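Protein chains in written order, with our numbering: chain L, 1077 to 1338; chain U, 12 to 388; chain B, 3 to 456.
I should point out that these hints are in silico values taken from the structure, not numbers from a laboratory.
Take these hints with a grain of salt, some might be off.
[To be verified] Label pairs and their in silico Cβ distance ranges:
1) B:L255 / L:N1231: 51 to 61 Å
2) U:I43 / L:E1210: 46 to 56 Å
3) B:V151 / U:A273: 29 to 39 Å
4) U:W122 / B:Q356: 55 to 65 Å
5) L:S1171 / U:F112: 48 to 58 Å
6) B:R441 / L:N1231: 17 to 27 Å
[Unchecked claim] A few chain B positions that, by computed beta-carbon distances, are all more than 10 Å from chain U:
7) V42
8) F45
9) G148
10) L183
11) G185
12) G229
13) Y232
14) F280
15) E400
16) W404
17) F406
18) R441
[To be verified] These stretches of chain B come out as covered by chain U in the derived footprint (C-beta under 8 Å, 3 or more residues):
19) 30-36
20) 105-111
21) 236-244
22) 250-261
23) 358-364
24) 417-430
These numbers were taken from a predicted model, which means no experiment stands behind them.
We put the beta carbon where it would ideally sit given N, CA and C, even for glycine.
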Amino acid sequence: MTTISTILEISDLTKFFGGLGAVRNFDLTLKKGDLNGLIGPNGAGKTTVFNLITGIYEPTAGDIVFNNTSIVGLEPFEITRLGIARTFQNIRLFSNLTVLDNVRIAYHPHTKYGMADGILHNRKFDVHEKELTEKAQDFLAIFGLENLQNEIAKNLPYGQQRRVEIARALACEPRLLLLDEPAAGMNPREILELMDLIHFIHDRFDLTILLIEHQMRVVMGICKYITVMDFGQVIARGTPKEIQENERVIEAYLGKGAGHAA
Amino acid sequence: MQQVSGSSQVVIPVPKKKKQPPLAWVGQGFFILLGIVVVAILISNLIRQPTLFAQFFISGLQLGFVYALIALGYTMVYGIVKLINFAHGDVFMVGAFVSYFAVARFRLHQWPLAAFPQISPGLGVVIGSLTVILLSMVICSALAITIERVAYKPLRDAPRIAALITAIGVSFFLEYFGALNFVFSPRFIPYERPFEVVAWYIKDGIHLIKPGEAPPDGAITFSNILLIIIVASILVQIFLQFLVRRTKIGIAMRASSYDKPAARLMGINVDSVISFTFAIGAAFAGLGGVLYAIAYSSIWTQLGILPGLKAFVAAVLGGIGSIPGAFVGALIMGQAEAMTMGYISTPMRDAVAFTILIIVLLIRPTGIFGEPEKEKV
Amino acid sequence: MELGFLLGSIVKILGILAYLYGLLWVLARPNRWVKLIGVVGAFGVVQLALTDFGGFQILTNFDSGLLFQACAMTMVALGLNLIYGFNGQFSLGQWGFYGIGAYTAADITYRWVNGDARGLLVVGFGTILGGLALIYIGRWLKRFRGVPVLSSFTLYLIGAILAGTVAVYIGNALNPMFEPLLGTSLNPGILNSPLALQIVFFLAVVFAGIFAAEVSFLFGLPVLTLGSDYFGIATLGFTIVVNVLMINSDTILPFPEMKGGRGMVGIPKLTTWFWAFFFMMAVIIIMRNLIQSSTGRAIISVREDEVAAKAMGIDVAGSKLLAFVVGSFFAGVGGAVYAHFIGFLSPGTFGFLQSFNPLIIIVFGGLGSMTGTIAASFGWIFFLEGLLRVLLSQMGTEAPTWRFVLYPITLLLLMLIRPQGLLGNIEWGFLKQKDVLPRETSAVDQPEVAASKA
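Same shape as in the complex, but just chain L (with noise of 0.2 Å):
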């Protein structure tokens, strides 16, 4: 069932937190180079998908396939070396540090040198960290932020933080982004340039994108494809189009009765 152009598949995801249920026989294919939504009401279990697929729970039953591999059962640091990247719903900077180690840190599984040689300051060193260091002030150029990398990261205002936050999860060098609400906290303007530079990052790192958003404008502009949950299940899939109109949906969000009356 799984072919080339599949990248992410989870059949039969659960997860149970003791008796509860936080996410009940979850499937979702992503192809690549999809930019699709995830989106439901609070507590509806989305958070804990992405907790799911990148390892930070372990699921209680179905499979999560990454580029033909399982994933279950990995280390998240493993799954992060495969290709997954996320960023965090409440914004997680390693505070005290600069911007600009923010995103090197997030480049250390691919640094070129070993422990020893840096250790030793060799040649070897210094060329690679140099190199490191303009790889990361460029995925903070894309963003607008190469003139603050050596503020420290807690300093920033929030808008900031949270691109910073994309950009380290960029320099993850991911082929799967994930992203958590990154509209979360942003004004109006702050939002229409975030959808642009999602739109941006997608087309020129060759990326497959899947968000968790809740602002229903960012979703319907950006998704190609929505799914949408509810008490850890999936309700409905689709077109920003076809999930407006969904009855299901408006239900979830509204409560029983609002999709008539709307």
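Knowing the structure of chain L, use the given hints to seat chains U and B on it.
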């Protein structure tokens, strides 16, 4: 457009546990083997010399119940402010010294007989001893509240390490300030008991050991102080369970340990709850100090370090923050120590105590009764 | 006299701080020849000050003792700062590794000068074979996915014990070859010439460090999986277990020469200023280079946010273990240097109360600040062991007690006034991370929106 079938009403049973990870048997086998060896050694000793084993068991009980009294203070304070209060062991020491001064200098234990010569001497000793114990408890509480107000409260918003270093500082201060000649002096001081220790031996029934008489071979001896320690410790446990579960202040304590800002919003005065926690923990440490001094009859200013540390280990072993956990952990610690002293060697007892702690933490990372740590992502 | 002594001591402390600043400044010069001359000069100045010119000596024997002690303390504290300040793992075990290093190195040289090569042979082969065993078991374990940590620990432990057993056999077998060359303590052989002894001392220090590092690997592997406070308590337990084993080294452990609780005497005093300076600088440079490399950034990221570090592809467990092992290595080296300047090891030195010293030093100096740690180590030793001890000893017999009454009060005041430590996270000269300049031209095209609004 595809409508996904299935509704949220369908209840899916929790799937069964998956199969074991590779090589899990190696680690399990190693620890099971270790356990079997220890149990086998203990059982073989029990069969060979049952009375000796019972004697060790009794001294383990005595230690364990004293540790339980101290461990309560550690576990409650940690539960509420997440601070390892290293000074707690020294409060225990102060408790012992207060009773020493009360008895040896001020003859406080004799006041009922001095004031009311007509009451029976037995009752006089009981009331006098209780007064001494109560005095120690009150002074320890006052000391703990002072420490909390002076040293810990200003640091409540600072990094946790600052409070920990402060706790170490307070502990050093109490030990070395006490070691000054005009305070307690650095020497070992023979402790004068407020009441006489009476010992019995068990061999063909229970017999009193008269002063100057040695118990016969193969007898198990125990003393009234053992019984007092056990009774006091159990009463304290019951009292605390009642306090924490049933009283208003207990509920406030639980709320504050769960979520301080929310408790504050609910109108709980968190600062006074914390002070109260320190005070009550210190009171039991003071009680423990007096009983420990009576049982082991020699005190000095570093008396508190090792029992304090062992009690703390007991609290962690049982799951820090849990009151029954502290009790169970303390009993295990007491037995481990007594058995080590009996069957290996006395200095090894500290090493064994910590080895047990490390092994238990490896198998249950938050102690026997501890709740697993959860991290929100 | 007291006032003169007080002023002299303060001048000394300030002088040392200025000296450290100058050393770090000269190391930060770009030209490597300037660096080299600067370091040699820094070594030479103190060497001259320590030399006795017919009764004139700037630094007395008392001062030089403090100096060596401060060097050893710097290594231990830097190691702990790597573990706690940079990696965020609250450890109280550093003092145990310090003790392991001290006793291991002391045993090697003590046996050597007494005509017994087994110390060096067994520890040398043991650390090498043990290291190889750990590496190969680690590689083999990589084949499996999700091996429980207790299982890998058991396998590593078995490997290490086997390697140690083999090393003991090799040591016993090779020892007769060395005996004639070593001679006896009264009649030293060729391998006990001053030069040979220096080499043996160097090997002893390095092997002691590696041995401490291997023990820390075995201990850290399972224990680092515990939550932060539980890890701290387990490491405190480690220090106490090591201390108890030291007290029982002649009864439970088979090392009569360590003399248990009475203390090990007769350790050759081989630590010279050269070695103390050499090992301290090696530790400073290794640690600084490590911190400023990609590996070091990974270590720091674990302190900042473990979950985010994992999500960025950083092997969090591996980083913790690395920091713990390297930090313990530093402690082992520091202990070995300490043992050979003091010449006497007592279990009391490695007890529970003293185990807080390095922790207090790094918190004083500032967590995550190498400069602060170095300055605090020197300041600590010269203030507490030097100034306060001498000053108080003139006041009466209770001096040592008063020292420990005043010291916690200082500690309390400092914590209340400056909980983040004296220097916070300020770094001097060589230890300061160079600012990276923004790139002039970018290699990638930027999106129009991003470019227009920046």
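Okay, the hints, checked on the actual structure:
1. B:L255 / L:N1231: 51 to 61 Å: The hint (51 to 61 Å, Cβ to Cβ) holds, given that L255 of chain B and N1231 of chain L are roughly 54 Å apart.
2. U:I43 / L:E1210: 46 to 56 Å: holds (55 Å)
3. B:V151 / U:A273: 29 to 39 Å: With Cβ atoms ~35 Å apart, the hint holds.
4. U:W122 / B:Q356: 55 to 65 Å: Between W122 of chain U and Q356 of chain B, where Cβ atoms are some 44 Å apart, the hint is violated.
5. L:S1171 / U:F112: 48 to 58 Å: holds (52 Å)
6. B:R441 / L:N1231: 17 to 27 Å: For R441 of chain B and N1231 of chain L the Cβ distance comes to about 22 Å; the hint holds.
7. V42: holds (38 Å)
8. F45: Non-interface label on F45 of chain B holds, nearest chain U Cβ at 34 Å vs cutoff 10 Å.
9. G148: G148 of chain B not clear of chain U: closest Cβ-Cβ about 4 Å, inside 10 Å.
10. L183: holds (38 Å)
11. G185: holds (36 Å)
12. G229: Not fine: 5 Å to the nearest Cβ puts G229 of chain B too close to chain U.
13. Y232: For Y232 of chain B, whose nearest Cβ neighbour in chain U is about 6 Å away, the distance does not exceed 10 Å, so it is violated.
14. F280: holds (32 Å)
15. E400: Answer for E400 of chain B: violated, closest chain U Cβ roughly 6 Å.
16. W404: violated (7 Å)
17. F406: Nearest chain U Cβ is 4 Å from F406 of chain B, so the label is violated.
18. R441: holds (34 Å)
19. 30-36: violated (count 0)
20. 105-111: violated (count 0)
21. 236-244: Check passed, 6 qualifying residues.
22. 250-261: holds (count 3)
23. 358-364: Holds, because 3 residues of the segment 358-364 of chain B bring their Cβ atoms closer than 8 Å to Cβ atoms of chain U.
24. 417-430: This one holds; 4 residues, not fewer than the three required, reach chain U with a Cβ under 8 Å.
This entry does not satisfy hints 4, 9, 12, 13, 15, 16, 17, 19 and 20, going by the numbered hints stated previously.
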